[in-house]
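All chains should be modelled from the sequences, with the hints used to inform the complete structure.
Protein chains: 2
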Amino acid sequence: MNSQFTVPSQEIENRRLKIQKEMVRENVEGLFIVQRVDLFYFSGTAQNAFLYIPVEGEPLLFVKKYLPRARLESPIKEIVEIQSVKEIPGLIREYYETLPAVLGLEFDVLPVSEFKFYGNLFGGRTFVDASPMIQRLRMIKSDWEIAQIEHTADRSSKIFDYMRRNIRAGLTEMELPGLFEPFARTMGYGARLRVRDYQTEGYPWHILSGRSGGIVGLLDSPASGEGPSAAFPCGGGSKRVVPNEPIMIDFNFVFNGYHMDETRMFAIHGMPSKALKASRAIMEIHNEVLGQVKPGRTLDELFQTSVHKAEALGYERAYLGPPGYKVRFIGHGIGLELIEHPIIAQGKQQALEPGMVFALEPKMVFQGEFAAGIESVFLVTETGYRLMSKVPVDVFVC
Amino acid sequence: MNSQFTVPSQEIENRRLKIQKEMVRENVEGLFIVQRVDLFYFSGTAQNAFLYIPVEGEPLLFVKKYLPRARLESPIKEIVEIQSVKEIPGLIREYYETLPAVLGLEFDVLPVSEFKFYGNLFGGRTFVDASPMIQRLRMIKSDWEIAQIEHTADRSSKIFDYMRRNIRAGLTEMELPGLFEPFARTMGYGARLRVRDYQTEGYPWHILSGRSGGIVGLLDSPASGEGPSAAFPCGGGSKRVVPNEPIMIDFNFVFNGYHMDETRMFAIHGMPSKALKASRAIMEIHNEVLGQVKPGRTLDELFQTSVHKAEALGYERAYLGPPGYKVRFIGHGIGLELIEHPIIAQGKQQALEPGMVFALEPKMVFQGEFAAGIESVFLVTETGYRLMSKVPVDVFVC
Chain A
0 MNSQFTVPSQ
10 EIENRRLKIQ
20 KEMVRENVEG
30 LFIVQRVDLF
40 YFSGTAQNAF
50 LYIPVEGEPL
60 LFVKKYLPRA
70 RLESPIKEIV
80 EIQSVKEIPG
90 LIREYYETLP
100 AVLGLEFDVL
110 PVSEFKFYGN
120 LFGGRTFVDA
130 SPMIQRLRMI
140 KSDWEIAQIE
150 HTADRSSKIF
160 DYMRRNIRAG
170 LTEMELPGLF
180 EPFARTMGYG
190 ARLRVRDYQT
200 EGYPWHILSG
210 RSGGIVGLLD
220 SPASGEGPSA
230 AFPCGGGSKR
240 VVPNEPIMID
250 FNFVFNGYHM
260 DETRMFAIHG
270 MPSKALKASR
280 AIMEIHNEVL
290 GQVKPGRTLD
300 ELFQTSVHKA
310 EALGYERAYL
320 GPPGYKVRFI
330 GHGIGLELIE
340 HPIIAQGKQQ
350 ALEPGMVFAL
360 EPKMVFQGEF
370 AAGIESVFLV
380 TETGYRLMSK
390 VPVDVFVC
Chain B
0 MNSQFTVPSQ
10 EIENRRLKIQ
20 KEMVRENVEG
30 LFIVQRVDLF
40 YFSGTAQNAF
50 LYIPVEGEPL
60 LFVKKYLPRA
70 RLESPIKEIV
80 EIQSVKEIPG
90 LIREYYETLP
100 AVLGLEFDVL
110 PVSEFKFYGN
120 LFGGRTFVDA
130 SPMIQRLRMI
140 KSDWEIAQIE
150 HTADRSSKIF
160 DYMRRNIRAG
170 LTEMELPGLF
180 EPFARTMGYG
190 ARLRVRDYQT
200 EGYPWHILSG
210 RSGGIVGLLD
220 SPASGEGPSA
230 AFPCGGGSKR
240 VVPNEPIMID
250 FNFVFNGYHM
260 DETRMFAIHG
270 MPSKALKASR
280 AIMEIHNEVL
290 GQVKPGRTLD
300 ELFQTSVHKA
310 EALGYERAYL
320 GPPGYKVRFI
330 GHGIGLELIE
340 HPIIAQGKQQ
350 ALEPGMVFAL
360 EPKMVFQGEF
370 AAGIESVFLV
380 TETGYRLMSK
390 VPVDVFVC
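As you go down the protein sequences, you meet chains A and B in turn. The opening position of the first sequence corresponds to residue 0 in numbering that gives the first Met the number 0, with each subsequent residue numbered one higher. The opening position of the second sequence corresponds to residue 0 in numbering that gives the first Met the number 0, with each subsequent residue numbered one higher.
One or more of the hints may lead you astray.
Since the list gives no way to pick one copy over another, a pair counts as held whenever it fits inside one copy or between any two copies.
Computed list of lysine-lysine pairs in BS3-like fashion (alpha-carbon distance at most 27 angstroms, straight line) [unchecked claim]:
hint	residue 1	residue 2
1	K347	K63
2	K20	K325
3	K85	K115
4	K85	K347
Hints listed in this document are in silico derivations from the structure and should not be mistaken for laboratory results.
Below, the structure written as structure tokens:
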């Protein structure tokens, strides 16, 4: 394992102390973490393992497979090898002299059948949903995490730069990423994207050229595209990318566990003026929202800012999707998962806080014609924002 | 949408009639299907939609987004557009004049928080786990499904052939797929792999060269590899692929919704004799198991056949992983999901049935040295088996 990629001991300690404060506030006596990303967040390892965090004191990491790597990766002091999950309650009782009366589990990801299994295994506990407190914590990125996201942003921007220099006509939307993947792999592309929600299927390239951008579909996104088949009816499809059409490339990338999610408009040779105007308008909306970012502003205020700007620019009809199929958000938290809390959505009164990192993605759909969109990742700072994305805010006519 | 990719009306009708028989047997009055793959299986559409199947009569498809595409994709007769899931119980009552007393849900994928939501929404029902009956049905592939898997197999074999002709030394394991992706995309590569279990993270290329094949890790697979970082500690890593070493390439591919999962041993220039011998032995084990395949044989019998053959060939120590970390299965069902029921595992008394499709993947790990493995997809026929994989059962020294 490359040691530059391990989570520092102080990070793990800070996260544990913070969640214990939340646990005190919510009267949760113990937290049993199973989901791989939460496990990595609180332990530094993503091996096949389980983490128990008591409301006070040191956590206990149970490793099913593979102990030597878990020891290298995790700064947790108490690490126990297990053959079966069934050993865990006994080991907790042995170590802490008691089992918690109230045990927190990740209700938003734990399937019902597994919950029933844990219910029997930890019989007699009261189970509560610990996901909201875990997500509140993960929402605020530490300086170390911000540095990791910067690394991902650096690499993603090099991939966008490569795309600008190498995009060409003639391939289908499904085939186009093949032009970029060999280079992208030298930047770390190929690692698996992570999405928390079981119904949301993350994929790296969402490429919609010309009229494909005007195709609405299942996605909670203004444009879904055609996709490869009815089995997976979203993303790039069988349409060939040609010169003189708007091409929206939404590229998701993960490096060292941290994600980027960025969109730019491309065109080969030239872009028709209607699409170019819309592409410039969407950048104005994006910049207007960024200008409003500072601690204390609510998510709804950012959303409304974008809607008002779209109206002022005359794009009310296309903004966030065609009438009847508009989405009600313009961005989402991002970090160890591609989509994290909170969502920058209509009606959300939650206030921005320093350390939050968002992907901001205003988009327009001209049904049957094209899409115009942009997406950047930004950090909420003490006084405003910092753009973490390093891809120029521009339309790329190549 | 390309009509070659739509599921025939007769398929959808047959599946519905079969699940209704299971529902009668298990006293389930209604089935509420939410998971995207099950939804596609029973309706032919993977839009943002929900399917209600009563124990008798026509199902009802509720489409949130996007109705026009759902209508094109699904042969279901009764399709209703909804704005919110909350409308569903009222619509079911309206259409069928009653709500079912016993409602089946997919307990193996439905998260606890969503289950609680549906519990309130459908208040007063008894909820039962419908996943086992759904999986039993999906286990047996129809002729139409087998034809789809053949298409995927054709394309996957062309990608393997391309790999043989284009593999070269000098890139890292992470970078190596970049040599193959531009071609693979012309075959449909790039569509998202689907895995049912929320903790299993499917990815297309599992490339372990030389000593990387000897690295145990979190995967329930004999060799996990180094992976890109501690955040994702499996699959290809930073090791460079060099001449004269064994390279195990496990490639997952999906086309038109149906998956292939195949592994072959490669080497550039030559393969050291120890690895070559092991690679040939694993092919013998693979062939020995295939020779035992016929309806009525149990999964455990196949597993034991492989273990006995490994012993007979003197590979007991390396077979299925190093001592203490051996996996207890040699294959898994495959279809609309990469890993389906049943698993060819130790102790499983379930018998093979015609129409079952499996990925058979015996593997060996020489810890600290290398892995040797093979993987093919086969169909259980009335009298034996048919290899669906079209990649030659061979070691590819390129």
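Each hint, compared with the structure:
| no. | hint | result |
| --- | --- | --- |
| 1 | K347 to K63 | between (41 angstroms within a copy, 22 angstroms between copies) |
| 2 | K20 to K325 | neither (39 angstroms within a copy, 41 angstroms between copies) |
| 3 | K85 to K115 | both (13 angstroms within a copy, 26 angstroms between copies) |
| 4 | K85 to K347 | between (41 angstroms within a copy, 20 angstroms between copies) |
In the structure shown, a violation is registered for the earlier hint numbered 2 alone.
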